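All chains should be built: construct the whole structure from the sequences, respecting the hints.
Residue numbers (this note's numbering), protein chains in the order written: chain Z, 1 to 364; chain S, 1 to 427; chain B, 1 to 298.
Any given hint could be a false lead.
Lysine to any residue pairs mimicking SDA-like chemistry, simulated, CA-CA at most 20 Å apart [stated by the list, open to error]:
(1) S/K220 - B/K293
(2) S/K420 - S/D379
(3) S/K226 - B/E264
(4) S/K349 - S/T384
(5) S/K226 - Z/V151
(6) S/K141 - Z/A172
(7) B/K30 - B/Q258
(8) S/K349 - S/R319
(9) S/K226 - B/F269
(10) S/K381 - S/E408
(11) S/K226 - Z/L258
(12) S/K220 - B/P263
(13) S/K226 - Z/L140
(14) S/K220 - B/Q181
(15) S/K411 - S/E366
(16) S/K220 - B/P91
(17) B/K293 - B/P91
(18) Z/K25 - Z/R358
(19) B/K293 - Z/R124
(20) B/K30 - Z/R126
(21) B/K293 - Z/V222
(22) S/K420 - S/L215
(23) S/K349 - S/E366
(24) S/K349 - S/P48
(25) S/K226 - Z/G266
(26) B/K293 - Z/L123
(27) S/K420 - S/G383
(28) S/K420 - S/E182
(29) S/K141 - Z/V222
(30) S/K226 - Z/F46
(31) S/K226 - B/Q258
(32) S/K141 - Z/F46
(33) S/K226 - B/F262
(34) S/K81 - S/D379
(35) S/K398 - S/E183
(36) S/K226 - B/Q181
(37) S/K141 - Z/T182
Far from chain B by the CB rule (all over 12 Å, computed), these chain Z residues [to be verified]:
(38) A26
(39) S75
(40) R126
Hints were generated in silico from the structure; no laboratory data involved.
Predicted, not measured: the structure shown is a model, and the values here were computed from it.
All C-beta atoms in this analysis are idealised placements derived from N, C-alpha and C, irrespective of residue type, glycine included.
Spelled out from the first residue to the last, the chains are:
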Amino acid sequence: MRLRNLNMTLDYADDLKLFRSRQSKASLVALLALGLLLPVIVPDDFWLSVLVYAGIYAIGAIGLNLLTGFTGQVSLGHAFFVAAGSYTAVILGTQHGQPLLVWLPAAAVVGGIIGAIVGPFALRLRGNYLAVISLGLVFLGQHIANNWDSVTGGPGGTTVIAPVKLGPFDFAALELGGRSYTRYQSFFWLTWGLVALALIVSKNIVRSRPGRAMQAVRDRDVAAEVIGVSLARYKVGAFVISSALAAVCGALFGAFQLFVEPDSFGLFLSIQFIAMIIVGGVGTLFGSVIGAVFVGAVPQLVSRYSDSIPFIAQGAGGEGLTVFQLNQIIFGLLIVLFLVLEPRGLAAVWLRLKAYFRAWPFSY
Amino acid sequence: MKRRNLLRLFAVLFTLGLVAAGCGGGDDDDGAGSGDNGELTAAPGFDPVTKEIHLGIISPLTGPVAAIGKPLTAGNEVWFKYINEEKGGIAGEYKVVLHLEDSQYVPQNAVQAYNKIKNDVVMFAQLLGTPSTNAVLPQLKADNIVASPASLDAEWVREPNLLPIGGPYQIQMINAADWLLEEGNGEGKTMCTMIQDDVYGQAGQQGVEFAAKELGFTVKSTARFKAGTPDLTAQVQQLKTAGCQVVFLVSTPTDTGTALGVAARTQFAPQWIGQSPSYIGALASSPLGPYLAANFYVAGEGTEWGDMSVPGMRDMLDRLQAYQPNQPPDYYFAFGYNQANAVTQVLEKAVELGDLSRAGIKKAMEEVGTLTFAGLSGDYKYGTVAEREPPRTSTIFKINPAKPIGIETVKYNFTSDAAKKFEFEAD
Amino acid sequence: MTNFLQLCFAGLALGALYALVALGFVVIYKATGVINFAQGGLVLLGAYLTYNFRQTWGLPFFLCIPLAMIACALVGAAVERFVLRWMVGQPAFAVIMVTIGLLFVIEQIVTGVWGFDRLNMGDPWGIRAVELGDVVVAVKDIWTVVFAAAVMLAFFLFFRYSNLGVAMRATAFDQEAAIAQGISARRIFALSWAIAGAVATLAGVMLASGGGGVRPDIQYIALLAFPAIILGGLDSPAGAVVGGIIIGLTQTLTAGYQPTHFPELGTGFSAVMPYFVMIVILMVRPYGLFGTKEVRRV
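Here it is as structure tokens:
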């Protein structure tokens, strides 16, 4: 029985478990506690906004990881679905004043439907061609956003005033037990609550039959089809789930930022999502979250402590790289270095560390 | 059984979390306050002990628009250096400290930069770009912070949280059209527009259309383009086919170069009139220089660089020499310099009223009266939002590559009758 | 009619630019099976290097171009040697992302060195134009078409008659068999990146000359060239040229006629028209017009 706690799969039932060991349960509980307490320990608006953005991105990254990491469908078009979610929030939240419980699920549904329309393209195209065509999707999406003025406000963008009230809790300014919390504290709880929800849903998909089918499609789609996995069903299904999550991410993004513009949903956003899953770990759900926090927080850290980094221009006339340029270089290098040196991302680094300490003092 | 244990643990933790949360939340007051008898109290971004006033700047310091953001910010810096060094600071005793943030002209970055420094600054001395300003505006209102936009949109005039300077884009185009018909040989010519397809382009188009109605001409053709399009052949061809003889251009310098390059290469030579941000000094020294000199006018404000008959210009060049001698002559530098001047006038009023809190700055803006710029920009009357009266003067420049920023005054500081009629609507 | 001819010539010149960029993509894809998203970075680097030789060092313009081509080819080969070689055998998605990462690095190094301002290339063409009947044609556009044609001819001769070219084709056709024949796949890989760098330089120079100026934006030409390579088929040089010209013409004609005839499609439709064409073509022919159909083995 003792062996069960080690990183060892003894029978098939182990593979299906939500939590594989007591440790993983304990660490989950610790994480939850951290999530609840963090906004109170660090009530700084700036750091909270960084973490809220990271949480919002994490939801989208989980979606992309289901599609790319688990089903093997390369997509540079994630930004398109994020945009769909944002503009759903604009129509329902801003223009019709619907509550959170309407516009957020509606965003997921709209994202899912668009995913179901786009998904079949993946049945005909593979690999490189799919990547490039999904690139086309981003440009088409931006064109629509630039021209659909009544919703998107045209190229100048539009303000998003989507109500974030859930029953008695107003996440724009939470009041609990006679205490009032800032918008950033409240949004932190809302966002990370939704990240947890997305993780649970995704974990349940991945550990059950559809998840195994998706991975079979990823590893060799023709072989999967031969053993009876319906390619149409799982490829399109992966697109539906992934874009629904992307749309939720987009809706939250708009509601939090209070403003969106078509340029927010460009190719760079898609690339950022891919960077997140690469850095975090392709094919691991938890890695998507680590990756989102990492990719979201590093530029902010660099910018905050830029004063003490050499070769960085100070002031408008200063010589040297600007903080932005440094960040872009770091971003590019992160992608390259992770893919070359650690293609399985931070999640793998974490697993190795864990395994090392579990077997300590033995080296393997 | 196991599952229930887990749930119980969550419940306990959740309660713990709430208790702890209860201890940390609820810091409602922003620490600002007004002094009773002229004694200034602390406010976000102001410390009465160190006597420092902190100001935020959100500007594109990298990316395509850095060509505007960098000199403009340098203008801010030179003015405040002058205030700190020669005047001893705001109202003679409060030194200005600037916090620079790079927006790359991306609204989302502007919002993040805003959140990053908003609690460390009294107000924002510069917020560059129409999209960035639109993005930050809802939060400015929520936090009751004042920012000075570095763009000339007419909508800013009636925004209580914004401190705009200069004549709005609409005014520039109306005055330009008036000048063209009166003195610029434009009577009876085919008028067209070429505009960037966004809010900024729309502002210029609105000005031209207003002028068309007032002055009795029609806009024959409007070519629209998306900022940063690498090839503008079709748009220029559209204007050429329509037989345009005058084209009002609303763009930023990069696109101006692309558009005029195509026009020059296809030998299309109408009279171009650019809104002030469409021009940059580098264009005059490029291969397009001779084409611009023959066909291009700029509608802007103030005077040409180095015009010593205007006292403000003399002072500005002296201070530039003293504090940032390596800054090349630049139109946007002058704008940033004037903007910082406006901010200083408001801050001095706030000090006089004894309140540097966010509300205090807003009050100072209402009571500051008319902001003046020693001939570098038109007088701007402040008061309550409804009473604000932006300058309606413009200056028309032509291109002369021999001049410092390649522009030479054609008609200095005039107001057309049509421009006087333009109404700035409240939002 | 004049309008139509004028637009057609503009489309042809734009198409020639796309073709130059697309040829760079194709040569790498053909030899290594990699879609190189960093091609735009090479275009940028080539243009700035030429600027540097011309304006900072004051060399004659027609000497600057080959110098920059050589320098950019070396950079391309170095990128292959020190980065891409580690990625051999990795999934296509991972390799694409590595090239995207490289694009970010190259872009920032270039802007870090030369800044964001528009710089004058110092080319001899400037804004000069010649009149052919009613149609006004820029000298620079004529040179663009000439360069594209010359590069295509060179490609043809190289792949057909030179030992290296034949070796490249063999490697592309069957890597293992080629290695068994004594062909060094490493050399072929590095060579393909070098050629891509050289071709990219030409594209960059032509984009930045004629008064347009050297500026960071010119790298986006590479994104716009994607439809061209997809249209032609990823591994066909002839397809790249045909695809480039089709896309160039489509884009310019759309920009010329859509705003007046189909305004409901929105402003700036011409910029997305190539992608539209690309998606439609791919639905009909999943491997482009001239591309080789992939054989799927279980």
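Results for each hint:
no.	hint	in the structure
1	S/K220 - B/K293	violated, 51 Å
2	S/K420 - S/D379	holds, 14 Å
3	S/K226 - B/E264	holds, 16 Å
4	S/K349 - S/T384	holds, 15 Å
5	S/K226 - Z/V151	holds, 19 Å
6	S/K141 - Z/A172	holds, 15 Å
7	B/K30 - B/Q258	violated, 36 Å
8	S/K349 - S/R319	violated, 23 Å
9	S/K226 - B/F269	holds, 10 Å
10	S/K381 - S/E408	violated, 28 Å
11	S/K226 - Z/L258	violated, 24 Å
12	S/K220 - B/P263	holds, 16 Å
13	S/K226 - Z/L140	holds, 14 Å
14	S/K220 - B/Q181	violated, 69 Å
15	S/K411 - S/E366	violated, 33 Å
16	S/K220 - B/P91	violated, 55 Å
17	B/K293 - B/P91	holds, 19 Å
18	Z/K25 - Z/R358	holds, 16 Å
19	B/K293 - Z/R124	holds, 13 Å
20	B/K30 - Z/R126	holds, 17 Å
21	B/K293 - Z/V222	holds, 16 Å
22	S/K420 - S/L215	holds, 13 Å
23	S/K349 - S/E366	holds, 10 Å
24	S/K349 - S/P48	holds, 17 Å
25	S/K226 - Z/G266	holds, 14 Å
26	B/K293 - Z/L123	holds, 16 Å
27	S/K420 - S/G383	holds, 19 Å
28	S/K420 - S/E182	holds, 16 Å
29	S/K141 - Z/V222	violated, 57 Å
30	S/K226 - Z/F46	violated, 33 Å
31	S/K226 - B/Q258	holds, 15 Å
32	S/K141 - Z/F46	holds, 18 Å
33	S/K226 - B/F262	holds, 17 Å
34	S/K81 - S/D379	violated, 23 Å
35	S/K398 - S/E183	holds, 14 Å
36	S/K226 - B/Q181	violated, 53 Å
37	S/K141 - Z/T182	holds, 16 Å
38	A26	holds, 34 Å
39	S75	violated, 9 Å
40	R126	violated, 7 Å
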